[in-house]
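Enquirer: Residues in the sequence shown are numbered from 1 upward in steps of one, following the working numbering.
Possibly wrong hints are sitting among the right ones.
[Unchecked claim] Quick list of simulated restraints, FRET-style, between CB atoms:
#, residue 1, residue 2, range
1, ARG31, ASP67, 26 to 34 Å
2, GLY96, GLY35, 21 to 29 Å
3, ASN53, VAL105, 20 to 28 Å
4, ALA20, ASN53, 25 to 33 Å
5, ALA37, LEU100, 29 to 37 Å
6, THR32, ASP7, 17 to 25 Å
7, ALA37, ASP59, 20 to 28 Å
8, ALA20, ALA95, 20 to 28 Å
9, GLU25, ILE115, 31 to 39 Å
Derived by calculation from the structure, the hints in this document are not laboratory data. Predicted model only: the values in this text are computed from it and were never measured. Each residue gets a CB set at the ideal place from its N, CA and C atoms; glycine is no exception.
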Amino acid sequence: MDDSDADNGHVIVSFDVSTAVRVGELEQLLRTEPGSAPPFSYHLGTVTFDEPNWEARADKLNAVILDFVDRLHGVSPAVLNSPETFVRLFMTLPAGAETLDAGTVKRLADVGATIWIDA
């Protein structure tokens, strides 16, 4: 394997919410055109990083995810748990295994997040 094939631990994480109602707490993150009909799409962010050390990468990944979930603070659980709401965590991960700790998984479950993984 040459250096161009080396695993540099490249990670991309993004977090989005799609709802049937406008969410005032997320208004500054609205991607849908003003005046549009539902669904309303909110992009809470994208973070990209390279970390070849798996332990440091796991720590960083968990921290990034928790930061995204924290951005939902104040959003009504009724909105987040509505059948018309889709909360999506999308991750592009390097080959091999990644670790999300139980607290992170629980926080994602609390907001009804669906996890999409591209490895």
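Enquirer: Going through the numbered hints above, which ones does this structure break? Give me the numbers in ascending order.
Expert: Violated hints: 1, 2, 4, 6, 7, 8 and 9; rest satisfied.
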